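Undergrad: Given the coordinates of chain A, assemble chain B onto it according to the supplied hints.
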Amino acid sequence: MRLSASQITKHFGYRAVVKKANLTINPGEVVAVFGPNGAGKTTFIKILATLLRPTSGKLEIEGADAIADYAKVRNMLGVIIHEHLAYPTLTPFENLKFFGQMYGVENLETRCQTLLDEVGLQHFVHEPLHIFSRGMTQRFMIARALLHNPTILLLDEPFSGLDASAKQFVLDRIAQEQQNGKSILITTHNTELGYLVGTRFLFMINGELEEIAQQDEISENTLVQMYEERLTAVA
Amino acid sequence: MKAFRQIAALIRKDLALQFRSKETLALIFVFSVLVVLIFAFAFGPNFPPEKSERGKLTASVLWTAFVFAGIITLNRSFVIERTHGALHGIRLTGVDASHIYLSKVVSNVIFLFLLEIVITPIALQFFDLFDGVTIGIVLKLYGVLSIGTLGFCAVGVLLACMSTSTDGGESLLSVILLPLVIPIIMGGTKCTVSILVTGGLEEGFWLNMLVGSSLIYLASAYLLADAVIEE
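Quick mapping for you: the protein sequence lines, in order, are chains A and B. As numbered in the working numbering, the first sequence has no gaps in its residue numbers, which increase by one up to the final residue, 235. As numbered in the working numbering, the second sequence has no gaps in its residue numbers, which increase by one up to the final residue, 466.
Treat the hints as calculated values from the structure; they're not laboratory data. These numbers were taken from a predicted model, which means no experiment stands behind them. Treat the hints with care, as some may be off.
As the list claims (entries may be wrong) - Coverage of chain B stretches by chain A, computed from C-beta distances (three or more under 8 Å per stretch; other residues unrestricted):
{"id": "1", "segment": "251-265"}
{"id": "2", "segment": "324-335"}
{"id": "3", "segment": "421-433"}
Said to hold, decoys possible - In silico negatives: residues of chain B with every beta carbon more than 12 Å from chain A:
{"id": "4", "residue": "Leu-245"}
{"id": "5", "residue": "Ala-275"}
{"id": "6", "residue": "Pro-280"}
{"id": "7", "residue": "Phe-282"}
{"id": "8", "residue": "Pro-284"}
{"id": "9", "residue": "Thr-299"}
{"id": "10", "residue": "Val-368"}
{"id": "11", "residue": "Pro-414"}
{"id": "12", "residue": "Leu-415"}
{"id": "13", "residue": "Glu-438"}
{"id": "14", "residue": "Gly-439"}
{"id": "15", "residue": "Leu-442"}
{"id": "16", "residue": "Val-446"}
{"id": "17", "residue": "Gly-447"}
{"id": "18", "residue": "Glu-466"}
Glycine included, each C-beta is placed from N, C-alpha and C at the ideal position.
In isolation and in its complexed conformation, chain A is listed as follows:
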C-alpha cells in the first residue's frame, strides 16, 4: 500500500476533531470520503499531507514514517486544500516555476507550460492569480498539485464552488490520474460526484471514519441513503 494511517487522532484543545481514524490507499485507487462540514475531513487530509501533526497515531507513506520523516515523503504528495497554496500576485506560470524549482522538476519551463495547457489556463499564463475566478483557481491548483508528478493525490473538496464544466474537468482529470496509477483520496460532501469518481467509499462524521464499501459492491442510491441515515442519526 502507498499510504497507511492507523489510529490517527487529533485534538484541538479538549475537542477531538479526528478520532482513531484508520485508512489505507493502494496504487490506482480513488478513495472518496464523504462527510458534512465540520466533520474533520480537512483536518484529516492536512494530517495525511503532513501539514498538521496528529495528537496520536501512525502514518506511513511508501513505507516511511511520515510523522517523523515528513520531509522525505512530502514530494510524493500532490495536495489540494481550500487555500491555493500559492502567491496571488504572481502569475500561474511564475508560481509553477517557483514551486518546480523547489521540487527540482526537470525541463521546468516546458513542464509548466504543458500543465497550464492541460488545465486550460494557456491564455492566462501571464495574468496574476488574484484575478482568477474560483474555477480558474481550481484548475491552477490541479496543475500545482501535479507539477512534480506525485504518486499520491490528496484532494480536499475538489468540486466545491465549481460550475458544471469545471466539475467535469476535475472528474476527467481524477480518472486520468487514476489510470496513471496514482493513489487518490478525495473528500467531499457531494455523494453524486464522489460516487462517480471513487473506487472505495468512507464516511467521516463527527471525526469518526467509517469504511463503507467498494464501488462495485454498492449502488449510488444505497450509498446516498446510508449517508443520509448517518447524518440523521447524529443530527
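TA: Same frame as chain A, now just chain B:
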C-alpha cells in the same frame, strides 16, 4: 547544491513579491522619511552646533526609522506567506525549514538594507551632517547598519513567523520583538554615533555587542527554525 538552489529560488521569490507590492514599498519608504522629517522639524531648524549632539540625534532617528520599518517589512513578508497558504505550499515541496528561514533573513536584510541606503543620506542632509562625510565613513556606517539589520532580521523572521500565525499577530510582533533586539539597537546606535562624530569606531565594546548579539540570534534562530515553521 540542491540547498543553494532552493535558497536562491526562495530569495528571488521573496524579493519579487516585496518589490511587486508597490503599496507596501511606498508605505515603508514614506514611513521612514516621515520619521526623519518629524524629528527634523521637532529639533530644527537650528540644530545644536556641536557635531556630537547632531550625531547622537541622527543615530537615534536612523535606528528608530529602521526598527519600525523593519517590523512592517517582517510582518508583510509573512502575511504574504500565510494569506493563501503559500507557506504550506513551500513546506509540501519537502524543503528544509532552515532553508526557508535563511532565505527570509537574507531577503529581508537585502530589502531593509536598500531602504537604509536611501534613507541614511536624507537623514544626514536634514541633520546637517552631510558635509565632511567621506567614502570611508559611508562604508563604516553601512557596515554597522547591515550587521544590525542582520541581527534584527535573524530574530525578527522567527518571531514574525510565530506572530502571523495568531490572530492580531501584526501588533504582537512589535511587543515581543523590541525587548529582544535591545542589545542590537544599543550596539548599533552607539556605533553609529561614534562613526558620525569621530569617523571611526572608538569603543570596541559596542561593536562587539552588535556583532556578538547578531551572531547569537542568527545561530539560535537557525536552530529553532524547524520547530517554529513546522508548528
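Undergrad: Report the numbers of all earlier hints that the structure fails to satisfy, in ascending order.
TA: When the structure is compared with the hints, numbers 3, 4 and 18 turn out to be violated.
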